[in-house]
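Participant: Using the sequences and the accompanying hints, generate a full structural model.
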Amino acid sequence: KAGVTQTPRYLIKTRGQQVTLSCSPISGHRSVSWYQQTPGQGLQFLFEYFSETQRNKGNFPGRFSGRQFSNSRSEMNVSTLELGDSALYLCASSPLRNSYEQYFGPGTRLTVT
Amino acid sequence: GQQVMQIPQYQHVQEGEDFTTYCNSSTTLSNIQWYKQRPGGHPVFLIQLVKSGEVKKQKRLTFQFGEAKKNSSLHITATQTTDVGTYFCAGSDVYNTDKLIFGTGTRLQVFP
Numbered sequence: 001k002a003g004v005t006q007t008p009r010y011l012i013k014t015r016g017q018q019v020t021l022s023c024s025p026i027s028g029h030r031s032v033s034w035y036q037q038t039p040g041q042g043l044q045f046l047f048e049y050f051s052e053t054q055r056n057k058g059n060f061p062g063r064f065s066g067r068q069f070s071n072s073r074s075e076m077n078v079s080t081l082e083l084g085d086s087a088l089y090l091c092a093s094s095p096l097r098n099s100y101e102q103y104f105g106p107g108t109r110l111t112v113t
Numbered sequence: 114g115q116q117v118m119q120i121p122q123y124q125h126v127q128e129g130e131d132f133t134t135y136c137n138s139s140t141t142l143s144n145i146q147w148y149k150q151r152p153g154g155h156p157v158f159l160i161q162l163v164k165s166g167e168v169k170k171q172k173r174l175t176f177q178f179g180e181a182k183k184n185s186s187l188h189i190t191a192t193q194t195t196d197v198g199t200y201f202c203a204g205s206d207v208y209n210t211d212k213l214i215f216g217t218g219t220r221l222q223v224f225p
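Same order as they appear, the protein sequences are chains G and A. Number 97 in our numbering belongs to position 97 of the first sequence; there are no gaps in the numbering. Just add 113 to the spot in the second sequence (first one is 1) and you have our numbering.
Hints in this document: simulated from the structure, not taken from any laboratory. A hint or two may mislead.
Said to hold, decoys possible - Computed spacing ranges between beta-carbons, pair by pair:
#1 G/LYS13 - A/THR190: 41 to 51 Å
#2 A/GLN193 - G/GLY62: 40 to 50 Å
#3 A/GLU130 - G/THR53: 42 to 52 Å
#4 G/THR111 - A/VAL157: 19 to 29 Å
#5 G/GLN41 - A/ASP211: 13 to 23 Å
#6 A/TYR208 - G/THR53: 13 to 23 Å
#7 G/LYS57 - A/GLU130: 34 to 44 Å
#8 A/THR190 - G/PRO95: 26 to 36 Å
Cβ coordinates follow ideal geometry from the N, Cα and C atoms, glycine included.
Facilitator: Structure, rendered in structure tokens:
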């Protein structure tokens, strides 16, 4: 089975721009979660999508949004980028819900200048 | 809100020494999971514990879930250089089982 894939792997943006990250879960997995990882804050939960519906949301501003398509693929969008948004964004899929074992993708390294 | 802390934050050991990381939650957990992230890599699922007092072993790794289901530990016997990485615990609150909260992580460095 193919693993979780994320595109792009690396991204450089400037402040004020917006960005869209993509995640394709493992085939058959219906839950997709997004995490932000920074050296100072560790792994922070952004949100979880299950069957195209956002089921849980972390403590991030409204600039962070996402969606899930009928094929379980998910996108995450960050608008009006700030320097502090520079991080590794990880997507994880799970066969059931977020509380079950997570299979992580390689991540997208976002740098905001 | 729920917080999951891990200690120590960093640990440097000589190859062959044992290593333990502790995970403490501010709330009672329905389950605890452990992940390993190698440098430059992504977290990889290691194991899940569900029962109070549960102990599971994977070769040199021993995982424990506390009796009160608020803490957990990961012990590595006779570390090897391949054990290098950051170990994260993650759990979901018994009253909000849909949300997984990751611990702060313990970075392990093993010197040959």
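Participant: Could you tell me which of the hints above the structure violates, numbers in ascending order?
Facilitator: Structure breaks no hint.
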